[in-house]
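Novice: Next come the chains, spelled out residue by residue.
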Amino acid sequence: MSTAIQPDLFAKVQASKERLDAHVREIVEWHFNPETGCPFWLNWAQEAGWDPRKEVTSYADLDKFGNFHDDELRGGPVRRWVPKGLAHRPVYVFETGGSTGIPKSRVQMDDFRIDYENFSETLPDEFFPKGSDWLMLGPSGPRRLRLAVEHLAQHRGGIAFSVDLDPRWVIKLLKRGLLQEAELYKQHCIDQALTILRAHEVKCMFTTPKLLEALCEKINLEKAGIKGVFCGGTEMTPQFHRFAVEELLGPNIYFAPTYGNTLMGLATHRAPEPQDNWAIIYYPPMPRAVLEVVDFDDAEKVVDYGATGRVRLTTLTKETFIPRFLERDECEREAPCEQYPWDGVRNVRPFSRFQKSVVEGVY
Amino acid sequence: MLHLPILRYGKPYRSVDTATAVHYRTRKPYVEASQANVGLIRRDLMKQHEAAAILQGFTTKELIAMAAKASSHFLNDDLPLGDSTQSPQEFVEAISATTGLPWVMVRRNMEKIAGVLASMETVLMGLTRLPNLDMLDSGVGDIDGRALSFFPRGDSMGVILPSNSPGVHSLWAPAIALKTALILKPGSSEPWAPYRIIQAYVKAGVPAEVFGYYPTSHAGGGEILRGTGRGMLFGDVAAAKAWSGDPRIEIHGPGYSKIILADDGAAHWEKYLDLMVDSVSNNSGRSCVNCSSIWTTGDGRKLAEALAERLAQIKPTAEDDPKAAIAPLANPDVAKRISGMVDSELDGGAEDLCAKMRGSGRVAEYEGCTYLLPSVIHVPSKEHSLANREFGYPHVSVVQVEPHDLPECLGPTLVCTALTNDKQLHHKLLANPHIGRLNLGPISTMKISWDQPHEGNLFDHLYSRRAFQAVPELVG
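Which chain is which? The protein sequence lines are A and B, in order. At position 177 of the first sequence (counting the first as 1) the number is 176 in numbering that gives the first Met the number 0, and the numbers step up by one without a gap. At position 248 of the second sequence (counting the first as 1) the number is 247 in numbering that gives the first Met the number 0, and the numbers step up by one without a gap.
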């Protein structure tokens with residue numbers, strides 16, 4: 000585990016920090032300018048009594064906002080989040096959570112496309128061939144992932160086949176202790192995937208860890224023509240990483256684990272090295288999103304490299320500004336690397352202090 | 000640090016995910032066990048029919064002979080443990096280290112397990128009630144000219160094991176002789192005994208491929224129970240409740256074992272005091288067959304006081320003391336929580352007479368360890384919340400009841416020792432569906448007869464009978 004920035008990376012790390020500070024200034028100017036900002040942040044600034052455009056000149060200055068409360072994202076009107084500067088654009092709304100109560104929403108125009116086009120650059124063409132078709136074996140409905148993966152396939156010249164999968168129903172089944180029903184629902188999703196794989200020439204796929212396991216119980220993906228699997232949506236342990244590579248997929252299928260959500264976008268994994276012992280190390284899509292690892296009891300304090308803490312997300316796009324949002328995850332802080340000269344996160348897992356109340360479904 | 004691998008049909012597998020069990024005294028990591036991810040378990044369970052097929056290749060006689068050899072290996076030999084080996088004494092010390100059980104109690108449990116392995120033929124005769132165990136090989140036979148046939152209900156049995164005491168392993172160990180592969184989830188603090196039983200069986204000639212050993216999470220345990228044809232679960236009230244509706248799973252939850260004294264038994268309670276002390280305190284009160292309440296139609300207070308006087312003499316001693324009578328709790332916080340729970344319910348006339356005799360509370364420290372010293376709770380009525388409880392240390396309630404209350408007031412009872420000559424009560428007890436094992440007369444609740452399981456019959460659990468007819472020339 001890297002516990003310090005390597006000296007030969009200092010210059011690159013410094014450059015990325017400067018790029019981030021400049022990006023912060025641009026984004027803050029956009030969101031708090033009465034001509035371009037969204038009603039939520041313009042009202043917020045009015046009530047707060049200070050002008051972020053004057054007082055925020057660097058990423059560190061975002062501390063002045065304090066931690067963002069996710070309840071702000073629940074309920075309507077969702078148009079309060081639409082920046083005036085983008086009001087002429089078609090708006091999508093994506094939801095997260097929602098098995099009980101009002102889900103959190105994020106409005107978007109192009110962010111999901113931009114995020115996945117950037118992510119596309121990290122996928123090796125050998126295993127995710129351009130022009131090949133995809134299977135999207137993940138949540139459907141009001142989820143960003145559904146459209147994002149479809150766009151990823153299209154961006155790479157392919158077509159995405161998808162299934163019907165309602166994760167909220169699965170979570171309800173699990174909460175009621177109806178494990179057999181949940182299992183049947185999972186099989187229903189797998190059956191849809193098998194039908195697609197048998198009927199079409201699919202070479203790439205997105206799926207979640209549990210669905211990947213369930214699919215591989217029914218079919219040999221290599222024999223089915225799959226070359227690359229992009230996996231995410233729920234926690235992945237190092238042991239799952241190893242199991243997926245060694246036993247579910249084998250040496251001829253590329254496994255691309257990711258960490259992402261509706262608010263952040265997509266953090267890509269660093270190519271595994273033997274000394275990582277199957278740890279999954281992700282780097283956020285800087286400067287559009289920043290991941291930090293903060294002290295469990297003092298969310299203002301970033302922990303040392305290698306230390307464990309809670310994940311704190313800051314989203315910085317023209318469509319969405321969310322500063323200092325405490326995720327329901329914990330991990331170790333990872334030092335910058337050559338490919339990603341900024342902080343990463345290692346072995347992200349559900350926040351242990353919340354663990355009893357978090358239910359992760361089939362998806 | 001010592002590492003215990005997963006055994007995937009006998010093949011050791013070192014997981015990236017591990018869990019550590021600490022030494023009960025030092026609280027320092029003592030052993031690390033590889034943790035199986037749920038997907039790995041699911042994937043392995045797809046091959047359970049292969050393990051079952053291997054066992055079908057042996058005769059019951061051969062398997063019984065191997066069990067006898069395994070008994071000796073288990074008791075006397077150095078056996079593989081991870082990358083190393085473990086002597087019998089190291090085994091005793093290891094169990095003691097992670098569970099707190101004094102050596103003498105571990106040895107007693109060890110002998111219990113070895114006893115079942117050594118007496119496998121008797122055990123199977125008792126479980127099956129077959130005149131000839133060869134019928135287990137053919138699946139068909141006759142008794143007094145009546146055709147009999149049976150078939151295995153599943154390829155393997157998944158077992159979710161506890162951490163409290165190794166004696167329970169004797170309940171699943173006969174499955175191999177019944178040609179059923181085993182998928183075991185060891186208790187997090189007691190990974191030792193199931194591993195050693197497997198190694199003893201393997202040394203005796205049973206193919207390693209019929210054993211799965213999966214230290215894993217709660218979710219992994221659920222997957223084992225869901226994915227195996229038959230299951231066995233040792234757990235607390237909540238765990239037992241979660242699987243109570245699944246007929247594939249034999250549940251071993253709290254026992255609520257009892258002693259009842261009526262009429263002549265109640266009148267002469269003094270002569271049963273030794274039996275009561277043994278039933279309550281043997282194995283440090285950790286077994287489901289330990290007596291957790293005594294129901295008498297006589298003077299409950301007097302009986303409780305006498306019992307308290309005896310049990311109050313039990314004191315913590317060194318782990319290697321051959322007379323050790325009580326075990327510390329591996330987790331001191333658990334001791335304090337349990338004691339707090341008992342205290343919070345001591346109202347409405349209930350009293351811990353043992354604490355009164357000792358002149359001190361039940362939580363005690365000795366050489367850096369935390370103990371729960373015995374409790375004798377005299378409760379004022381059968382309705383009191385402490386009248387029928389079980390806490391995993393030497394804890395017993397004494398309840399005075401009217402003769403007509405028995406046996407309806409007892410509720411679910413794993414073992415019931417009835418000290419009475421009242422034939423009418425005998426009949427009522429024999430007809431009571433809530434009693435798992437009935438001892439008529441002065442028999443400790445702790446005394447087990449392995450040919451008569453006290454909680455389900457393993458043969459009935461693993462096999463089902465079918466109607467069978469065949470023309471004579473087709474029956475060999």
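One or more of the hints may lead you astray.
Derived BS3-like pairs (lysine-lysine); straight-line CA-CA distance at most 30 Å [stated by the list, open to error]:
| # | chain 1 | residue 1 | chain 2 | residue 2 |
| --- | --- | --- | --- | --- |
| 1 | A | Lys317 | A | Lys83 |
| 2 | B | Lys68 | B | Lys446 |
| 3 | A | Lys174 | B | Lys240 |
| 4 | B | Lys381 | A | Lys171 |
| 5 | B | Lys46 | A | Lys217 |
| 6 | B | Lys68 | B | Lys10 |
| 7 | B | Lys422 | B | Lys446 |
| 8 | B | Lys301 | B | Lys446 |
| 9 | B | Lys46 | A | Lys202 |
| 10 | B | Lys46 | A | Lys222 |
| 11 | B | Lys46 | A | Lys226 |
| 12 | A | Lys222 | B | Lys111 |
| 13 | B | Lys322 | B | Lys381 |
| 14 | B | Lys60 | B | Lys301 |
| 15 | B | Lys270 | B | Lys202 |
| 16 | B | Lys60 | A | Lys217 |
| 17 | A | Lys300 | A | Lys11 |
| 18 | B | Lys60 | B | Lys111 |
| 19 | B | Lys111 | B | Lys10 |
| 20 | A | Lys222 | A | Lys202 |
| 21 | B | Lys355 | B | Lys422 |
| 22 | A | Lys103 | A | Lys174 |
The hints are simulated quantities; they were obtained by calculation from the structure and are not laboratory data.
Novice: Can you list which hints this structure breaks, lowest number first?
Specialist: The structure breaks hints 4, 12, 13, 14, 15, 16 and 21; every other hint is satisfied.
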